[in-house]
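*Asks:* Chain residues, written in single-letter form:
There are 2 protein chains.
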Amino acid sequence: MNQSLQKQYPDLDPGSVAEQYIEEIRKEIQTLSARIRVIGFIASDDLPSLTYARATKQKFEQVGIEYELKSLKRLELEDEILRANGDRDIHGIFIYFPIFRNEQDIYLRNLVDYKKDIEAGSLYWTKKLYANDRVAVSGETDKKAVIPCTPLAILKMLTAAGVYSENEKKPVDGKIVTIFNRSEVIGRPLAVMMSNDGAKVYSFDVNGPLLFENAKPAEIEISREEALMDSDIVITGVPDKYFRKVSASEIKPGTVCINFSTYPNFEDDIETHTDIYIPRVGPMTVAMCMRNTLRLFRNFHC
Amino acid sequence: MNQSLQKQYPDLDPGSVAEQYIEEIRKEIQTLSARIRVIGFIASDDLPSLTYARATKQKFEQVGIEYELKSLKRLELEDEILRANGDRDIHGIFIYFPIFRNEQDIYLRNLVDYKKDIEAGSLYWTKKLYANDRVAVSGETDKKAVIPCTPLAILKMLTAAGVYSENEKKPVDGKIVTIFNRSEVIGRPLAVMMSNDGAKVYSFDVNGPLLFENAKPAEIEISREEALMDSDIVITGVPDKYFRKVSASEIKPGTVCINFSTYPNFEDDIETHTDIYIPRVGPMTVAMCMRNTLRLFRNFHC
Numbered sequence: 001m002n003q004s005l006q007k008q009y010p011d012l013d014p015g016s017v018a019e020q021y022i023e024e025i026r027k028e029i030q031t032l033s034a035r036i037r038v039i040g041f042i043a044s045d046d047l048p049s050l051t052y053a054r055a056t057k058q059k060f061e062q063v064g065i066e067y068e069l070k071s072l073k074r075l076e077l078e079d080e081i082l083r084a085n086g087d088r089d090i091h092g093i094f095i096y097f098p099i100f101r102n103e104q105d106i107y108l109r110n111l112v113d114y115k116k117d118i119e120a121g122s123l124y125w126t127k128k129l130y131a132n133d134r135v136a137v138s139g140e141t142d143k144k145a146v147i148p149c150t151p152l153a154i155l156k157m158l159t160a161a162g163v164y165s166e167n168e169k170k171p172v173d174g175k176i177v178t179i180f181n182r183s184e185v186i187g188r189p190l191a192v193m194m195s196n197d198g199a200k201v202y203s204f205d206v207n208g209p210l211l212f213e214n215a216k217p218a219e220i221e222i223s224r225e226e227a228l229m230d231s232d233i234v235i236t237g238v239p240d241k242y243f244r245k246v247s248a249s250e251i252k253p254g255t256v257c258i259n260f261s262t263y264p265n266f267e268d269d270i271e272t273h274t275d276i277y278i279p280r281v282g283p284m285t286v287a288m289c290m291r292n293t294l295r296l297f298r299n300f301h302c
Numbered sequence: 001m002n003q004s005l006q007k008q009y010p011d012l013d014p015g016s017v018a019e020q021y022i023e024e025i026r027k028e029i030q031t032l033s034a035r036i037r038v039i040g041f042i043a044s045d046d047l048p049s050l051t052y053a054r055a056t057k058q059k060f061e062q063v064g065i066e067y068e069l070k071s072l073k074r075l076e077l078e079d080e081i082l083r084a085n086g087d088r089d090i091h092g093i094f095i096y097f098p099i100f101r102n103e104q105d106i107y108l109r110n111l112v113d114y115k116k117d118i119e120a121g122s123l124y125w126t127k128k129l130y131a132n133d134r135v136a137v138s139g140e141t142d143k144k145a146v147i148p149c150t151p152l153a154i155l156k157m158l159t160a161a162g163v164y165s166e167n168e169k170k171p172v173d174g175k176i177v178t179i180f181n182r183s184e185v186i187g188r189p190l191a192v193m194m195s196n197d198g199a200k201v202y203s204f205d206v207n208g209p210l211l212f213e214n215a216k217p218a219e220i221e222i223s224r225e226e227a228l229m230d231s232d233i234v235i236t237g238v239p240d241k242y243f244r245k246v247s248a249s250e251i252k253p254g255t256v257c258i259n260f261s262t263y264p265n266f267e268d269d270i271e272t273h274t275d276i277y278i279p280r281v282g283p284m285t286v287a288m289c290m291r292n293t294l295r296l297f298r299n300f301h302c
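Protein chains in written order, with our numbering: chain A, 1 to 302; chain B, 1 to 302.
Derived by calculation from the structure, the hints in this document are not laboratory data. Where hints are given, some of them may not hold.
It does not matter which identical chain is used: a pair holds within one copy or between any two.
Stated by the list, open to error - Pairs of lysine to aspartate or glutamate, EDC-like flavour, derived with a Cα cap of 16 Å:
id, residue 1, residue 2
1, 170, 213
2, 200, 28
3, 216, 80
4, 127, 80
5, 127, 89
6, 73, 219
Taking the hints into account, I'd like the entire structure generated from these sequences.
*Replies:* The structure is reproduced here in structure tokens:
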């Protein structure tokens, strides 16, 4: 985010928005009688990954969550997840993906005990999300389900940007949204949730578009150009440097633009066409993960 | 398989081997007091897929299993799986993949109730397989777990070829195996099972090799050429027409060669170097799926 924009919209820096949630979480954790313990598994030696891992550890510790960062070989991870699942003194598990960069990563994600799945990426939670089931354990309405961290982070950033009101029944009623990404942990849950909240969502992946309305997908023939020009909100998450970045000329003036990929998916000129451009959500994702940790602890471990 | 080979090894035609299992299954089904009902979901219009779907339906019906083949749109599949999961009159679910050709297919595979998962591709069964847990329900030792159909079909073909004895404790002790494919439904389970049975397994995927011994993987640096020349058994399952096919000059004379991809992964000249070349296992996969259907019915539905 450039300087002028940051001045104009101080609330749209994901770091600043995250701080508000982190402060709430910190206060709530102080009221707990027991200590929350999380284990984070990293199977990579590369510096950016290690830096990110150490930063998350620090963030968790700042709110009073004990966070063990464990470096291991990728082939040790499966056994370690099972061990952590069975360890009563561990309340949350975090995995720094990608590990194998294939189908096995999905297997590992699903292997995490749902009661400790602070990223909420395992099948138990995904199934609940797609079924619009907001309760963690059926019949126990005081136990709320957890939601995958990045989609939740995006919704909270949209709330901070004023385009999303959490108090309305259909907070994005009539809004048109384009999302580039239909993964099972981010793009599809996000499309389902936003369409459930009233939006008409064009969801693109490499195989083409789908239209989500009222949490249900439908086949549609629409070009990228048509979808973008239609949209009030554009959300990108394509981890591919060859993705053709969204440029200013492709969007309506004032379109809300959010990128959650580690690659920039918008051209630099995008800010000439909109005041609300959020180039990353990382800090919010970590905050939402901490929020999930607290929720799972209350639901299952105390 | 060519004519001369078929004469020499009548038992190595997957169709003929399958017939023996099918006959056993048919007899066992006749002893049941209730009727087994399976639903197969196909979301494709293309002729080869439809032909295959109709052929499986026919095979199931020949052994006395009721088989409803349901054509639907891909976007209807999720709800239909959930409906079939909840339908007490349906005992088995079969899905003709690929559907979305992305991560969502794994989600759908895992969505199938494990008690009805006749392909044994969902997480419940995969976890059991990797843990070498042979019992379907812990504590109930008379209820045997089901195993993914294609790896099972391959093991049965190796048994028919005489290189695998089911009665020994380590039936492939000391054997060296190369497998091209490390998917969660075929390649990895197969590597785990064969290494559990005593083999040393080189497992290749696009990211390189792993070595499986005693059901555990290890990092290894070995070239395709070295692995192949070392191997007693070579198993291929690469659904990519650009895969460099394994040729006669790459294997030891007499190597057992099996391909389970729909693409030919061996050069035609392979038969000059080995008498045991099994170019497809399809009919055996269907037979093993029927075997699983019967087993799940006995375990959970009667």
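*Asks:* Flag every earlier hint the structure violates by its number, smallest first.
*Replies:* Violated hints (numbers, rising): 2, 5; every other hint is consistent with the structure.
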